[in-house]
Every structure is written in structure tokens, then in C-alpha cells.
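Asker: So the chains spell out like this:
Protein chains: 4
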Amino acid sequence: MPSEQTLAALRAFVEAREWDQFHSPENLAKSISIEAAELLECYQWNSTPDQQKVEDELADVVTYCIHLANRLGVDLDEIVMNKLTKSAEKYPVDLAKGSMKKYTELHE
Amino acid sequence: MPSEQTLAALRAFVEAREWDQFHSPENLAKSISIEAAELLECYQWNSTPDQQKVEDELADVVTYCIHLANRLGVDLDEIVMNKLTKSAEKYPVDLAKGSMKKYTELHE
Amino acid sequence: MPSEQTLAALRAFVEAREWDQFHSPENLAKSISIEAAELLECYQWNSTPDQQKVEDELADVVTYCIHLANRLGVDLDEIVMNKLTKSAEKYPVDLAKGSMKKYTELHE
Amino acid sequence: MPSEQTLAALRAFVEAREWDQFHSPENLAKSISIEAAELLECYQWNSTPDQQKVEDELADVVTYCIHLANRLGVDLDEIVMNKLTKSAEKYPVDLAKGSMKKYTELHE
Chain A
102 MPSEQTLAAL
112 RAFVEAREWD
122 QFHSPENLAK
132 SISIEAAELL
142 ECYQWNSTPD
152 QQKVEDELAD
162 VVTYCIHLAN
172 RLGVDLDEIV
182 MNKLTKSAEK
192 YPVDLAKGSM
202 KKYTELHE
Chain B
102 MPSEQTLAAL
112 RAFVEAREWD
122 QFHSPENLAK
132 SISIEAAELL
142 ECYQWNSTPD
152 QQKVEDELAD
162 VVTYCIHLAN
172 RLGVDLDEIV
182 MNKLTKSAEK
192 YPVDLAKGSM
202 KKYTELHE
Chain C
102 MPSEQTLAAL
112 RAFVEAREWD
122 QFHSPENLAK
132 SISIEAAELL
142 ECYQWNSTPD
152 QQKVEDELAD
162 VVTYCIHLAN
172 RLGVDLDEIV
182 MNKLTKSAEK
192 YPVDLAKGSM
202 KKYTELHE
Chain D
102 MPSEQTLAAL
112 RAFVEAREWD
122 QFHSPENLAK
132 SISIEAAELL
142 ECYQWNSTPD
152 QQKVEDELAD
162 VVTYCIHLAN
172 RLGVDLDEIV
182 MNKLTKSAEK
192 YPVDLAKGSM
202 KKYTELHE
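Protein chains in written order, with my numbering: chain A, 102 to 209; chain B, 102 to 209; chain C, 102 to 209; chain D, 102 to 209.
FYI, nobody ran anything at the bench for these hints, they're computed from the structure. One or more of the hints may lead you astray.
Since the list gives no way to pick one copy over another, a pair counts as held whenever it fits inside one copy or between any two copies.
Unchecked claim - The list that follows gives simulated cross-link-like pairs (lysine-lysine, BS3-like), each with its CA atoms no further than 27 Å apart:
hint	residue 1	residue 2
1	198	184
2	198	187
3	187	154
4	154	203
5	202	154
Just so you know, these numbers come straight off a predicted model, no measurement behind them.
Turn these sequences into a full structure, and let the hints guide you.
Answerer: In C-alpha cells, the structure reads:
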């Protein structure tokens, strides 16, 4: 993840604009937070926002996630699967079923 | 994006825990912002964080993005490519090269 | 804002720990976002969080806001009042009453 | 905190626009995160933003913090001082001096 085609298009976009110089991991992390808040803004006062707006904001978050993964030299599918293994340990099915308690409270 | 295997694993994880009831688009949007801030926390006081920690936090952001895309019925590659087309119009190469001005200032 | 006593206590806390070196405006801006997300986390899955937890997280946001105002050499009451004047122009009572439309849509 | 005058002005602003109906604690918590990200955006690509822009965005964060404190029935000076007492225990001067380690790592 993403597809080779998407990744190539994103890389070409950034290279043509010489934006690599701005894409430090720290700046990308800030950008992910900023775009995540723009996504959240769709739901600021109600829970039924415009679908196109939500898609665009979600795309912005994911775009910066792809750039950061690229800079870190990691594959998104791989790190998501690695994290899922850890989460499965923190949230065993028998304890976590139907509950949104944090794992720190779950094992009390 | 993601791979069928990753998507299936994420879906199975959520279903086993009966967490779909909590995964409204609004709650997922909040979750993306919350996890994005945990990623940012890696860079709060310095710019050289622990790589494993960054990977885990980035994975959390992307995981909720996948869940939200799933709820919205959209494909992440597709919305990223759609948004890229819009961004290419907002940031023409000749105006945007080497500059991080916002598009609202770029066309002045 | 804040009271002289609160400001003095916050300054003394930071000075004793020699944390001024970390409190660049940029780091404080990141910290405000990070703490804001911890506040939001209280409301991640439901709208009735623990009051003490909410107070503590809100206090963290405001603490960093006070530190940033201090670094910028501005008074919080003053900038809040200045911004309120601008908002009153953007959101005239007759257009904005009972509506949460953004001002960019309000004047259409 | 804030001054009686600022609080009265903010209350009057909201009442005139009948916005209290939108100001649930949860919506205010989302708003604080959204405005915090707009503040962070000032520092997205560089560390020397426009001072007026920073002041306006910081004012927005603090404005929603005041509204939330008001809804929760708490005084900002009071909760900041309460949290400071807790932080002083988590970060004893002799361990924390000159270090930005998290308290969870500090006591190891």
C-alpha cells in the first residue's frame, strides 16, 4: 500500500515542485495532524458532512502518511499488520468484546 | 489500498471484538486526529524519535483511515488520486516550484 | 489572563527544570495540538467522560497556551478580545443566528 | 481567568448568535483540536510565522477553552494550578532538570 501507480504519481508531483526539501519526517508528522483536523472539522458541529469534502480531507491525511512511510522506508501494509499483532495482544477478544475501555483499564 | 489481506485482517479484528458499533464516521475522524497527535508527540521536543514508535503511531493513523474509507465505501488509492488532480490545479508547477506558499497566496 | 499568581507558578516550574530551552514557539504549538488531542480522547467513544480527566487535559492545553503567549509577549485576554472583534464582523448576528455555517458560506 | 470583561464579551457573542445549542462539551473539545491544528499550521513548513496570524489562532484555541471551562463550571486558573501540583510530583526537579523525558521513563 499504496499501489505502485499511486506512489509514482505522488512522487512525481513532489519532485516536479521540488518539495522534498520541505518533507522532513517532522514536517510530515505536523502535516498529518493538520490535515486530520481538517477532516475532523467536517464533523465539528454535526455528524452528516458533505461526502466529497470528507473524501478530500481523508485523501490529504493518507497522502502525507504515504510520504512519511516513504521517507521512513517502510511499507504501510506491513506496519499496519505489525501493529495489529500488538493490538491483538493488548485487546484480547474475551476482555475487549463490546467494550471501548483502554487496554490499561481492561486488564485491571 | 490497502491489500485485500490487510483489509480482511482489520475487518476480522473489529468484528471479533464487536467494535463496529463504535466506529461511526465521526468517531473514526476523532480517532484519526487523536492518533495523528500521538505520532506528532514523537517529534514534540526533538526531530529524531525512536523509529519503532513512529512506525506504530503511523500505523494507528492509517488503520483508522482504512476503517473510515471502508465505512464511506471509498478506495484510498482512488480518493488520493482524485485529490492529487485537484492539487495539481491549485499548485501549478511553474508557480509552486520550491515554494511552500498556500495556494491562496500563490495566485496573488 | 492568567492571574499573576498562576503565571508566576508556571514560570517557576519551568525555570526550576530548565525547560525554557525546549519551549520554542514551534514546540509549544506542537504541544498545544498534542494536549488538545488528549482532551479530545476523553470524548473519543462517548460524550460523558470523567470530569477530573477532562479538567486535567483542558489544564494542559491552557498551560501551553499561557507559555506560548508568554513567549510571544502577548496577553491572552487582549488577543481573545481582538479576535472577537474580527469574528463579530465575519459572523454578523442577523446572518449567523442559529447557524453553524462557515463565514465563507454565510455571505454567499 | 479570563477577566470578567472577556468572559462577559464571549458569553454575549455566543448568546446573540444562539450558538449555545452547538456548544456541547464534545463539540468544544473537537473545536479546540481543530483550532490547535490551525495554530500548528503557522509552523507547518517553517518556524518563523506571521505574528498576527499566530495571535489570532492562539486566541481561537483559548476562546474555545474558555467556553469549555464555562460549560464544565470550572475556573481555568484553578484547574491549571491543580494540574501543576500533579505535574510537580510526576516531574521532580532533580530528575527532570534539563530533560524532556516523559515521566514514565523518568522514574525508570
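Asker: So, for every hint listed, does it hold in this structure?
Answerer: Evaluation of the provided hints:
1. For a Cα distance limit of 27 Å, the shortest separation of residue 198 from residue 184 inside one copy, 19 Å, qualifies, whereas the shortest one across copies, 34 Å, does not.
2. In this homomeric assembly, residue 198 and residue 187 come within 27 Å of each other (Cα to Cα) only inside a single copy, at 17 Å, whereas the closest approach across copies is 34 Å.
3. In this homomeric assembly, residue 187 and residue 154 come within 27 Å of each other (Cα to Cα) only across copies, at 12 Å, whereas the closest approach inside a single copy is 33 Å.
4. Taking the closest pair of Cα atoms, residue 154 and residue 203 come within 27 Å of each other only across two copies (14 Å); inside a single copy the shortest separation is 31 Å, beyond that limit.
5. In the homo-oligomer, the alpha carbons of residue 202 and residue 154 lie at most 27 Å apart only across protomers (15 Å), although the nearest pairing inside one protomer, at 31 Å, exceeds that limit.
No hint from the list above goes unmet by this structure.
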